[in-house]
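S.K.: Listed below are the residues making up each chain.
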Amino acid sequence: MFKKILIANRGEIAVRVIRACHELGITAVGVYSEADRTALHVRLADEAYPIGLSPSSESYLRVDRIIEVAKQSKAEAIHPGYGFLAENPAFARDVVSAGLEFIGPPAEVIRLLGDKMAARRAMKGSGVPIVPGTESSIEDEKQVLDFIGESGLPVLVKAAAGGGGKGMRIVHSADEIASAIKTAASEAKSAFGDGRIYIEKYLPDPRHIEIQILCDAHGNYIYFPERECSIQRRHQKVIEESPSPLVDFRMRKAMGEAAIAAAKASKYVNAGTVEFLVDSKRNFYFLEVNTRLQVEHPVTEMVTGYDLVKEQIRIAAGEELGFGQDDIYARGHSLECRIYAEDAINNFMPSVGKLNVYREPSGPGIRVDSGVYEGFTIPIYYDPLISKLIALGRDRVEAIGRMRRALTEYKIIGVESTIGFHQAVLGEGNFLRGNISTHYIEDRIADLIRDEGLHQEERLAAAVALAVDRMEKDSLSALNNSRSQDRANTWKYSFRLGNI
Amino acid sequence: MKYFVHLDGNEIALDIAKEGNNFMVLSDNRNIPGNIIRSGDGYISTIIGGKQFGFFISDDNNETIIHTGFRMLRAQVLDERDKILLAFAVGSEDKSRLADLRAPMPGLVVRIMVANGQQFKRGDGLIVVQAMKMENELKALHDGVVKEVEVVTGQAIEKNQTLMTFE
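Line order of the protein sequences matches chains A and B.
So the first sequence is numbered by this note's numbering: it starts at 1 and just counts up by one.
So the second sequence is numbered by this note's numbering: it starts at 1 and just counts up by one.
Here chain A stands alone, though its shape is the one from the complex (with noise of 0.2 Å):
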């Protein structure tokens, strides 16, 4: 078992991956831009050193500089979290190549997963049904149309190397191929570095399925169960939960054999996810694998007892697993809300500052992984993730009712959070009745962020109480200054009140 391992990585991430390493008696080195001096991570880490300027591609994207610093701190292993590095292939065999372990899949794993095309071709080699699309890239218009042809519309224009969203158009009608192949091509180029496209068939109002495997480097293979990821906001996941409403037994059994069926065909090592889309048929279809820990890997942990985290250095450090797929059901329902300080009224604009107020939430089922701590400024360098709010219940009703609890006890001020978002969705009938799809934030985005207003109790009372917070703060000014020189401010104040 290692010593000691770095985490590349920041935030709520590296928090966790430091709370792994504690809980295995692993000294945890951690890294941090300048933004990040006062972070949570930093604290928590047995060693820290800094890796450079706040931008990430000064620092967290700095592979000579983390490697440089695993070596001086004597880290045998780098875990890469999620995001950053984490799926980047040079990184992994760089750091293979410094005579560290990478926590994670072999290099040569990423590269293959991380070009979606050869993904799919691994994928439909080894009978794991695919998303209908083409299997080279698109050079020109008639490629398209040939595919149309066959498969019919709408058609999704996806970048090779890509994900979160980018490099992808949507084509409905085929007047619209052109400027979808060009805008895809140039977007998928300057944030993948790649601007090979492809195309697949677009289905309608489709649900996110995923399993979460696990792979030792002796031959076994895990699948848990799965994720459904549906509530999503412009390709981004916003709350996830274990198990699926709409999964059953034999649908969870046949997607977690197919997942096998993936990670043996790419010869999987370490935790990873493959993601399935699911029509209204509940056929399910590969998308990608993830050759990472995901975000919202808690939920999994919650309903099935297992760390993965630990689970992924145990691996790393050559251990086989120490269960098997009959020790694996989810017991219970597990939700996760990410809370990111966005401003959700103004087209969930990110929303920096210091955290003056941030009250966890606790109690029965409530687990909160969060990077920050109050007082703590959210730095604009990075995403702005604040936490994920976790809750375990018995089933789905219960985990949404804690959920909805903890919700209200949370207490962020000195940001925007997306907390009364959350709140808004965790009341909306389809929601509850588990009727989502990846489209459900846009169909109801204007219902989700609309503003009830104030009832009349509680606007009451929020007037006593601003009148109150006014007799002290004068009676105090009172003390403090004399009369006059209070009242020398009236005539600059008259002006500042004619801004109401």
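One should not assume that every hint holds.
To be verified - With a straight-line Cα cutoff of 16 Å, these simulated EDC-like cross-link-like pairs (lysine to aspartate or glutamate) come out:
| hint | chain 1 | residue 1 | chain 2 | residue 2 |
| --- | --- | --- | --- | --- |
| 1 | B | 51 | A | 457 |
| 2 | A | 253 | A | 275 |
| 3 | B | 18 | A | 474 |
| 4 | A | 473 | B | 143 |
| 5 | B | 18 | A | 472 |
| 6 | B | 121 | B | 143 |
Source of the hints: derived by calculation from the structure; they are not laboratory data.
This structure is a prediction, so every number in the text was calculated from the model and none was measured.
With chain A's structure known, arrange chain B on it following the hints.
M.R.: Same frame as chain A, now just chain B:
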């Protein structure tokens, strides 16, 4: 004490009497008793009719913000004096450079601090008027020169009455 609270698109008029943590508020012609206390972490707990409401209030850049539930609302609390001053400020046409100084409320001239032809700087005290049982020193909003002081000490003045003119 009377307050006018602007909140959530409404103006709420209150008359609050406080004794310790207990209060009686007159609002909308109803007398409502309650209890209010601020905790060490800034949380303000208000109980009215047995119902507990919690708020955090912060002052940021001259703006008061009240946090309730998931919402962050801008609020403004005016006492009676503020309301009068506001009415006066809104009536003023040119906010950048004023030709004269007018009384914001009826009162009494207590002390005149400048003389005809005197130069003054922004922030200098010009005149002290007594109104609503308090002395108010009116300060210059910009640099200028006094043209003519039009009142004398001890004179009773009316709202909007010209106190002095500027060059």
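S.K.: Does each hint fit the structure? Answer for all of them.
M.R.: To see whether the hints hold, each was checked on the structure:
no., hint, in the structure
1, B:51 - A:457, "9 Å, holds"
2, A:253 - A:275, "15 Å, holds"
3, B:18 - A:474, "14 Å, holds"
4, A:473 - B:143, "31 Å, violated"
5, B:18 - A:472, "11 Å, holds"
6, B:121 - B:143, "4 Å, holds"
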